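**Student:** Protein chains in written order, with my numbering: chain A, 109 to 231; chain B, 1026 to 1458; chain C, 18 to 519.
In case anyone wonders, no lab produced these hints; they're calculated from the structure.
Since we're looking at a predicted model, the values are computed, not measured.
Just so it is clear, CB atoms sit at the ideal spot from N, CA and C, and this is done for glycine as well.
Heads up, a few of these hints could be off.
[Claimed, not checked] Once the Cα atoms are required to be at most 20 Å apart in a straight line, the calculated DMTMM-like pairs of lysine to aspartate or glutamate come out as:
| id | chain 1 | residue 1 | chain 2 | residue 2 |
| --- | --- | --- | --- | --- |
| 1 | B | K1206 | A | D187 |
| 2 | B | K1208 | B | D1230 |
| 3 | A | K159 | B | E1086 |
[Stated by the list, open to error] Pulled from the structure, derived: some chain B residues nowhere near chain C, Cβ distances all over 12 Å:
| id | residue |
| --- | --- |
| 4 | G1181 |
| 5 | Q1335 |
| 6 | S1379 |
| 7 | A1403 |
| 8 | V1407 |
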Amino acid sequence: MTRHVHAIQCIGCPVGCGGEVVIEAGAVIEMRGFTCDKGQAYAADEVVAPKRMVTTTVRVDGGTLPLLPVVSERPVPKDAIFDCIRLLRSVVVQAPVEADAIIVADALGLGVNFRAACSIAEA
Amino acid sequence: MREFRYDVIAIGGGPAGMAAALSAKQAGAEKVLIIERDRELGGILQQCIHNGFGLRRFEDELTGPGYAHRYINMVKASDIDVWLDSTVLSAAPGGIVTSVSPQQGLRVATGSSVVYSMGCRERTRGAIRIPGSRPAGVFTAGAAQRMVNMEGYLPGKEVVIVGSGDIGLIMARRMTLEGAKVKAVFEIMPYSNGLTRNIVQCLEDFGIPLYLAHSVVAVHGKDRVTGVTVAEVDAALTPIPGTEFDVACDCVLLSVGLIPENELGRAAGLHIDAVTGGGVVDQFRETSLAGYFAAGNVLHVHDLVDWVSQEAEIAGKSAALHALGKLPPAGEHRPVTAGDGVRTVVPQRLSPPSGQLSVRFYLRASRPMGASILRLHADGNVVWERKLRVVKPSEMIVAEISWKKLGSSDVLEFTVVPAPVEADSEPAEEEVA
Amino acid sequence: MMAHKGMASFPTRADVVIIGGGVVGCAIARELARYSLSVVLLERAPDVAMGTSKANSGILHAGFDADPGTWKARLNVRGAQLYADVSEGLGIPRREIGSLVVARNEADLATLDGLKRRGVENGVTGLEFWSRDQLLSHEPNVSPDVAGALWAPSGAVVCPFLATIGFAENAIRNGVRIVTECAVTGIDVTDGRVAAVVTPLGRIQARYVVNAAGVFSGDVARMAGDDSFTITPRRGEYILFDRSAGSLVNTVLFPTPDKVSKGILVAPTVHGNVFIGPNASEVDDKADHETTGVGLAQIVAGARKIVPALPLPTAITEFAGLRAAAGKDFIIGASPVTRGLVHAAGIQSPGLTSAPAIAEVIVESLREEGLVLSPNPAFVPDNPRRPVFHEAAPTEMADLIAANPLYGRVICRCETITEAEIVAAIRAPCGARTIDGVKRRVRAGSGRCQGGFCGPRVTAILARELGIPVTAVRKDAPDSWLFLPRAALDGIDLPTRETSHA
């Protein structure tokens, strides 16, 4: 059985650890170079099922600002990023909006909510 | 004209100003004021809708507006005065801060202490002298970021990004997600100026090429930009003849550096560090102007807002102690200098200690290095050192060093030198993916 | 008035049509406004001062360069005097700081001797030689290896945009129509005399046409059957430094001139910046405003001969302008071919200085061609003064904000320009219609951040004041749009889950 070594650059935090993930038969058998639990989890995911946090803006009606920044609660599968963006493009919310309010629940059935990154008052 | 009296005034209500004001309050200052030019607090964080803020400060991964709102809520919960939509025209000796606003007119506030927290601005095309025509469509990345993320307009459909600073990388991803085509990022240095995580998640994720050691040598287009000519550069950063190629685009975003916004200080005679572009400060973050402190990007450009908040807490606390008469008079300073491998160090000088156990230093390396050793030399002798796994000019090195180590030498100097190579045992049979 | 809501219909007849809204055309318009005439000025760009008038040295020359007897010699000295008279009333910033021609050796000193004699003949007053020590005590940043200098106390600096706009605004206040974005496509000539000017917006009947079309003046002349001259554009490049470098030099510093040009200068601007330039290179394209790596290196090297320590890191912008060169002298007066056509052409240095004097001569030419000039009894020579917030004393600032709260909102932080000043610049006669139009009028965006901070805000103010969407706001040229609606990319489909896998 061949082992594969994947060089992974962690993006979990700005330290930016670089390390390696060793895969055999589709499973992670060894990891080196990552300095925290979060990094280990990221690196394993990155080889098997890469995920990313998604941030964008949605339109706001009647607010002090025309756009509301929104953020995924958790990372979403990398290949669903554009689908999430497309979904959020069509969303319009009514001011006022409270920070952390759910803007889109269970986006695309991925089990991830998109929440308001901040509050926006009524104009 | 109305006059006001405060213990501590923070000029600028971004992350530095808010953290400084809160920390001043905690340290015992009674009357604290933040003066903010915009109609809300938060500064540039409000347009930074991406995540990655606050991992250190809040142990949580926040967006820029999310990070700002945590602080805004803390400010609201305090009795800190906030003047919004107010621009400071001058900050004179004696802490006399003159500002204007549409609703309140001209106001003069006198602070026993003042914290400079005005942030920074972007370097422009003019500053790096890119030749060619001057069509519409050439923007600094931050200005474009504001238009996209806060106003909902796009600066173009086919984008070239000049410079690999973090804002440029973040905008490469943003523009891609907005549906634009980002053709490439061109960086004149042989290494990136952005955080590694941003190279990965903003460029590599979307297949956007990063050309290192490449410079834009001409901008084309009469009314609107139509393209750029790019060339490879040599070690002296001079374009190599014969390597030119053209890239068509309708938008050029510049991410070629940030400059501390020190005009108020300059007008008042502030002593400025030629390398950082910010004031020269001691460990209290007190500048050469008595009673004036500085923190955040106005002092030196940071990579992470978390460090800005930390630094502002030091400045805010010191400003409060100064206002309360508890900060010792400056006395003799000892210089702290940037030696081999170090580009900048803040603070640049030490005043005698005053109840502090340690001093927090922020450093930037002068070139990328692998495993290295950061050393502090006191009058030539190594008194402290720390191993660094990797060193990048784009990433701040933070070192907290106890006064015991700092001793009483005349001159302190930081260096970063490559660490001796340690043999790594690599299993030979593995196949590298 | 410029094209905006409520504008009058396009004029179909006029006594005089002026082609070109540079400083020369606008000065002529203002001079003609002294008389009871219908005058229309046509400008191809969205604003006045968009050609040579927007990219030049901004210097009012003392007048010792030109050969005695030439138009240049006659009109330079007269023009400089006229600026001294009218600048304040028209709102044209002007500072009389003097100029120095720097000699580096004995041969240069001999050239200065000739310049002084010529200057005296041209009527320049106050010229004197300065020793090396005198020069260095006045200009400590000048290279120590100099031999001396020629001092001309009447040399001055002026804002070339506000000079043009000052003339244009006053012309409009006195009844002149200025139509922008209106390029002339033909001139009808009947029986050897101009009959009408043709544009895409319509035809204007006129018996008198003034050709002040800058680099295009040769083309305009040919439209009327006159090919007596050709314009060869000569490009000059500049580097402008931030006001923080403003103390570099106190006066306009010229090198000792050679036969072709005045050389690379180092000079303050009227607003307290410093610039270096221009070089000179002939170009074919009349719209070629590109700077070049070679050219910028040339002017840096040239400037260093006078001031060795240039503050290059404080550079805020580089630009290029085109001189409308047509031989040695200006081409001024009636066309030798077509009656009713009067040229103010081939206007290169000292064209900015000469502009108001050129205007006097052109009006005289028109009179000689038969135009009847009866004084306009309602002529008002001055423009109303507009407050400059950052120059006001604190009590005045408080009063200004009390009267108009928008004076309390600083939009351009580099130059401390308030929203009230920007709104006034847009609402004025000959008001700003573009981002650069605002910048040229009130300097918002002309500081060290070059609009990085205030650009989006000025865009919003322009959109609001002009009643246009943000996406219709332009930088300066007709198609210099800045922003797209977000919806512009809605048609561009994002990659789908199947295709996006990186």
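**Student:** Compare the structure with each hint and give your call.
**Tutor:** Structure-based check of each hint:
1. Restraint check for B/K1206 and A/D187: satisfied, since their Cα atoms lie roughly 18 Å apart, inside the 20 Å limit.
2. For the hint linking B/K1208 to B/D1230, the alpha-carbon distance of about 14 Å falls within 20 Å, and the restraint holds.
3. For the proposed pair A/K159 and B/E1086, the alpha carbon gap of about 15 Å is at most 20 Å, so the pair holds.
4. For B/G1181, the requirement that its beta carbon stay farther than 12 Å from each beta carbon of chain C is not met, with the minimum near 7 Å.
5. Every beta carbon of chain C lies more than 12 Å from that of B/Q1335, the smallest distance being close to 26 Å; the non-interface claim holds.
6. Once the 12 Å rule is applied to beta carbons, B/S1379 is consistent with being away from chain C; the minimum gap is 35 Å.
7. With 12 Å as the threshold on Cβ separation, the claim that B/A1403 sits away from chain C holds: the shortest Cβ distance comes to roughly 33 Å.
8. Listed as outside the interface, B/V1407 is consistent with that label: its C-beta sits roughly 34 Å from the nearest C-beta of chain C, beyond the 12 Å cut-off.
Going down the numbered hints, you'll see the structure goes against just number 4.
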